[in-house]
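Asks: Sequence:
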Amino acid sequence: MNSADSVSVPKPSSKSSWLSAPTSLFLILIIPIFAATLIYQLDSFDPAPVPFRELTRHLIKKAPAQNPRMLRGAERVGYGVLPGPEDVAYDKRSGIIYTGCADGWMKRIKRNESENPEFAVENWVNTGGRPLGLAFGHHDEVLVADAEKGLLNVTSEGEVKVLADKAEGVKFLLTDAVDVAVDGMIYFTDASYKYNMKDHVWDILEGRPHGRLMSYDSATKQTTVLLRDLYFANGVVVSPDQSHVIYCETPMRRCRKFYIQGEKKGSVDTFIDHLPGLPDNIRYDGEGHYWIAMSMGLSLAWDLAVRYPFIRKVMAIMEKYKLRPSVEKNGGVLAVDIEGNLIAHYYDPGLSMISSGIKIGNYIYCGSPIYPYMLRLNIQENPPIAAII
Numbered sequence: 001m002n003s004a005d006s007v008s009v010p011k012p013s014s015k016s017s018w019l020s021a022p023t024s025l026f027l028i029l030i031i032p033i034f035a036a037t038l039i040y041q042l043d044s045f046d047p048a049p050v051p052f053r054e055l056t057r058h059l060i061k062k063a064p065a066q067n068p069r070m071l072r073g074a075e076r077v078g079y080g081v082l083p084g085p086e087d088v089a090y091d092k093r094s095g096i097i098y099t100g101c102a103d104g105w106m107k108r109i110k111r112n113e114s115e116n117p118e119f120a121v122e123n124w125v126n127t128g129g130r131p132l133g134l135a136f137g138h139h140d141e142v143l144v145a146d147a148e149k150g151l152l153n154v155t156s157e158g159e160v161k162v163l164a165d166k167a168e169g170v171k172f173l174l175t176d177a178v179d180v181a182v183d184g185m186i187y188f189t190d191a192s193y194k195y196n197m198k199d200h201v202w203d204i205l206e207g208r209p210h211g212r213l214m215s216y217d218s219a220t221k222q223t224t225v226l227l228r229d230l231y232f233a234n235g236v237v238v239s240p241d242q243s244h245v246i247y248c249e250t251p252m253r254r255c256r257k258f259y260i261q262g263e264k265k266g267s268v269d270t271f272i273d274h275l276p277g278l279p280d281n282i283r284y285d286g287e288g289h290y291w292i293a294m295s296m297g298l299s300l301a302w303d304l305a306v307r308y309p310f311i312r313k314v315m316a317i318m319e320k321y322k323l324r325p326s327v328e329k330n331g332g333v334l335a336v337d338i339e340g341n342l343i344a345h346y347y348d349p350g351l352s353m354i355s356s357g358i359k360i361g362n363y364i365y366c367g368s369p370i371y372p373y374m375l376r377l378n379i380q381e382n383p384p385i386a387a388i389i
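With the first letter of the sequence shown counted as 1, position 319 gets the number 319 in full-length UniProt numbering; the numbers rise by one all the way through.
Simulated from the structure, these hints should not be mistaken for lab results.
All C-beta atoms, glycine included, are put in the ideal place defined by N, C-alpha and C.
Any given hint could turn out to be false.
As the list claims (entries may be wrong) - No more than 27 Å apart at the CA atoms, straight line, and that leaves these computed lysine-lysine pairs for DSSO-like: (1) K320 with K265; (2) K198 with K149; (3) K198 with K110; (4) K194 with K257; (5) K161 with K149; (6) K149 with K264.
As the list claims (entries may be wrong) - Simulated DEER-style distance windows between Cβ atoms: (7) P349 with Q380: 17 to 25 Å; (8) G286 with K320: 27 to 35 Å; (9) T220 with K322: 21 to 29 Å.
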């Protein structure tokens, strides 16, 4: 080949690139920051400061006896046929456990679970919504706090009737828990009038009180708002002496008493505060103890989120795009005496979103809106041990 016919192609010079290495690195760093800042500014979610003095991390009550690894001795009840059994209610007369699941079914479970869960669990009634809290009425009925339908009455024949779905003209968006007094008065909570079950995490992250405690009189069919402006009003239980109702405020880590009888009728007092986690449902076992479910234990991430609204806004945005890291761990259940003193704490780093706990015989049964089963722990074989407080 003639040298005149050959064409030499110059090698590209590194200087010819329009982006230098430092510029490229700068853009790689700045573009995501700019995009994140823009998303943050444009997002309308507006979290509020919360009463930090009531939530300081330096004031955490600890139980004198603890089992920090309750999963090691726990059994799974109804695995695969109990999708999200949020609350656990026990009928002592029949020996049957009731729960409400994510598929809309209220299910009945025999205590002597067989090896095949299909024979242990019965689909009883489908509410057409999302049954959460359960309580037994005085005429063989089951009262249901249905997150989507409101306060329901389910007869022993399985007939479902809506008792209430709004109060003072404001519709319930997350009917959460229910209990019945000896005189037949029904007490229940609506966790939020702003957010529904699917979006409940935004209520907690927003940090504003959208919850209410209410009563329903079956005789007059009257719904009365007893307390408003509660922070995610959750579990509720009538005291054994019928003098007060205890209700839980999840993000505030506390349970309070609302007096329904006596000189203090209509007033509010503290039952227990500065809990070691976020409380959900509360139940009385008839043996002098309340059992408070802890959806999660405290963590540095949660403590920072409580302190700084902008962190909660970032968490909410990440939640919206399914990017929020999980901070939920150390879920479990607390045993508390009738005076509000901590007795025992059962929990595990591998547990989250524990929504209910109840003692039946030598066992505690725990429900959850996310697990496809109940947990059962023999507390005689897996007792809590003395803890350093």
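Asks: So, for every hint listed, does it hold in this structure?
Replies: Now for the hints, and whether the structure bears them out:
1. K320 with K265: With Cα atoms ~43 Å apart, K320 and K265 exceed 27 Å; violated.
2. K198 with K149: Roughly 14 Å between the alpha carbons, so the hint for K198 and K149 holds.
3. K198 with K110: At roughly 30 Å apart (the allowed maximum being 27 Å), K110 and K198 break the hint.
4. K194 with K257: 24 Å, holds
5. K161 with K149: 10 Å, holds
6. K149 with K264: 33 Å, violated
7. P349 with Q380: 17 to 25 Å: 23 Å, holds
8. G286 with K320: 27 to 35 Å: 44 Å, violated
9. T220 with K322: 21 to 29 Å: 46 Å, violated
Hints 1, 3, 6, 8 and 9, counting from the list given before, are not met by this structure.
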